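Assemble the complex: chain A is given as a structure, and chain B must be docked to it using the hints.
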Amino acid sequence: MVKGERPEFTAPPDIFYNDTEARKYTTSSRMENIQASLTQRALELLALPDDDQVKLLLDVGCGSGLSGQALTEKGHVWMGFDISAAMLDVALEREAEGDLCLHDIGQGLPLRAGKFDGAISISAIQWLCNADTKAADPRKRMRAFFESLYGCLARGARAVLQFYPQNTEQAHMLTSAAMRAGFSGGLVVDFPHSTRAKKYFLVLMVGSATPLPAAEGMEGQEPADGSQVNIINRKQQKRRKLNHAIVMDSARHPEAKGKGWIFKKKDQMRKKGYTAVPPDTRYTGRKRKSHF
Amino acid sequence: MKLLTHNMLECRIKGIENRYPFVIEASQVDTVEQDFDPDFLRHMYPRLEWPALKAAADSLGVTGLPTSVSEDMLEDEEFLKVFHHALLEVVLIEGFLVCPESGRKFPVSKGIPNLLLNEDEV
Numbered sequence: 001m002v003k004g005e006r007p008e009f010t011a012p013p014d015i016f017y018n019d020t021e022a023r024k025y026t027t028s029s030r031m032e033n034i035q036a037s038l039t040q041r042a043l044e045l046l047a048l049p050d051d052d053q054v055k056l057l058l059d060v061g062c063g064s065g066l067s068g069q070a071l072t073e074k075g076h077v078w079m080g081f082d083i084s085a086a087m088l089d090v091a092l093e094r095e096a097e098g099d100l101c102l103h104d105i106g107q108g109l110p111l112r113a114g115k116f117d118g119a120i121s122i123s124a125i126q127w128l129c130n131a132d133t134k135a136a137d138p139r140k141r142m143r144a145f146f147e148s149l150y151g152c153l154a155r156g157a158r159a160v161l162q163f164y165p166q167n168t169e170q171a172h173m174l175t176s177a178a179m180r181a182g183f184s185g186g187l188v189v190d191f192p193h194s195t196r197a198k199k200y201f202l203v204l205m206v207g208s209a210t211p212l213p214a215a216e217g218m219e220g221q222e223p224a225d226g227s228q229v230n231i232i233n234r235k236q237q238k239r240r241k242l243n244h245a246i247v248m249d250s251a252r253h254p255e256a257k258g259k260g261w262i263f264k265k266k267d268q269m270r271k272k273g274y275t276a277v278p279p280d281t282r283y284t285g286r287k288r289k290s291h292f
Numbered sequence: 001m002k003l004l005t006h007n008m009l010e011c012r013i014k015g016i017e018n019r020y021p022f023v024i025e026a027s028q029v030d031t032v033e034q035d036f037d038p039d040f041l042r043h044m045y046p047r048l049e050w051p052a053l054k055a056a057a058d059s060l061g062v063t064g065l066p067t068s069v070s071e072d073m074l075e076d077e078e079f080l081k082v083f084h085h086a087l088l089e090v091v092l093i094e095g096f097l098v099c100p101e102s103g104r105k106f107p108v109s110k111g112i113p114n115l116l117l118n119e120d121e122v
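Read top to bottom, the protein sequences are chains A and B. If you count the first sequence from 1, position 223 lands on 223 in UniProt numbering, and the numbers rise without skipping. If you count the second sequence from 1, position 20 lands on 20 in UniProt numbering, and the numbers rise without skipping.
With the rest of the complex left out, here is chain A:
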């Protein structure tokens, strides 16, 4: 993976988080710091009642158990789900206190109704928007996930899901999928004026209409620590991808950019839930006359 490129573009999560990638979560202190500070903020937003009662929490996309560690430090009992066996192996090595489970959240959480006091998720739910196999339908996956999450939380519980949306449309898609499942709440964006420090938290509530917590860094300041993620300049990334695609296509598929290719791409976008895809007409991908 090129540094700074989004992992969602490279491979499905169970393949991307292989042994080498999972290993980074034990060796890289930068990754540990980012995860720890995100978890701290998520816990803050989760706003568990301050009554010294040990709670049962859910960690969606628990990975190597870095976020779970923060929950254990607060004294809570937690249960974690992840799709990557390699990451769960690392969690075992790190002796994560919570119970782990190998599962794809897009298939819905296999949990009974009303059992959990809260849920957190760090950098996981943007993976729901991937259509990695032909059969995968991101809208169905989002629905299955949010409905089962809504079901397994107790009344008055909250879920705080931190994620990296690819664009505003994707953030909107995830938020509206959550609302349709019955949640109230919405998106909290920390450091909205900074490109690198911007953090999205989907704060969801079950059966209570408390106002959303305030975001951090509304005055345009940057965070004090180095908890920032580099997302490469979009233009550069686009150009690089385009060049790559042209080279690959001319080498492997001489006529890859024809009508069929355009129809396929547009269909993929529609399947991912994008609404602004132009309709397929007889003008789509039409050859233009060579004027001069």
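No lab work stands behind these hints: they were computed from the structure. Values in this document were obtained by computation on a predicted structure and should not be read as measured data. Among the hints, erroneous ones may be present.
[To be verified] Once the Cα atoms are required to be at most 25 Å apart in a straight line, the calculated SDA-like pairs of lysine to any residue come out as:
1) A:Lys115 <-> B:Val91
2) B:Lys105 <-> A:Pro211
3) B:Lys110 <-> A:Glu95
Coordinates of chain B only, in the frame set by chain A:
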């Protein structure tokens, strides 16, 4: 996997009626000591399915759990100790979780259940 987790899990296979509880086929069971916290047990008790916990404990060879429980037993230290042991300290390391209706077996290895479904089961 603790029995607390087992008590929360249900089968997500499409189109079946009876999803709960998973039948446990254990081949390796371990005990891991945990801090005894009566408040947490009282907090969790209303959310547990007692018969499922009892059946799961039986299949792992954990004895001492009563068949039925009343609210006032939750003040009894002796009972809470047994309850704590069964709920949090007994861990299933290797074995299978079996769906009660379809009989589909989900493997448990190194204490982690694999609940991934095939495409035709979603």
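Hints and how they fare:
A C-alpha spacing of about 20 Å is found between Lys115 of chain A and Val91 of chain B, which places the hinted pair at or below 25 Å, so the restraint holds. For the proposed pair Lys105 of chain B and Pro211 of chain A, the alpha carbon gap of about 44 Å is over 25 Å, so the pair is violated. Between Lys110 of chain B and Glu95 of chain A, the direct Cα distance comes to roughly 12 Å. Compliance with the 25 Å bound is thereby established for this hinted pair.
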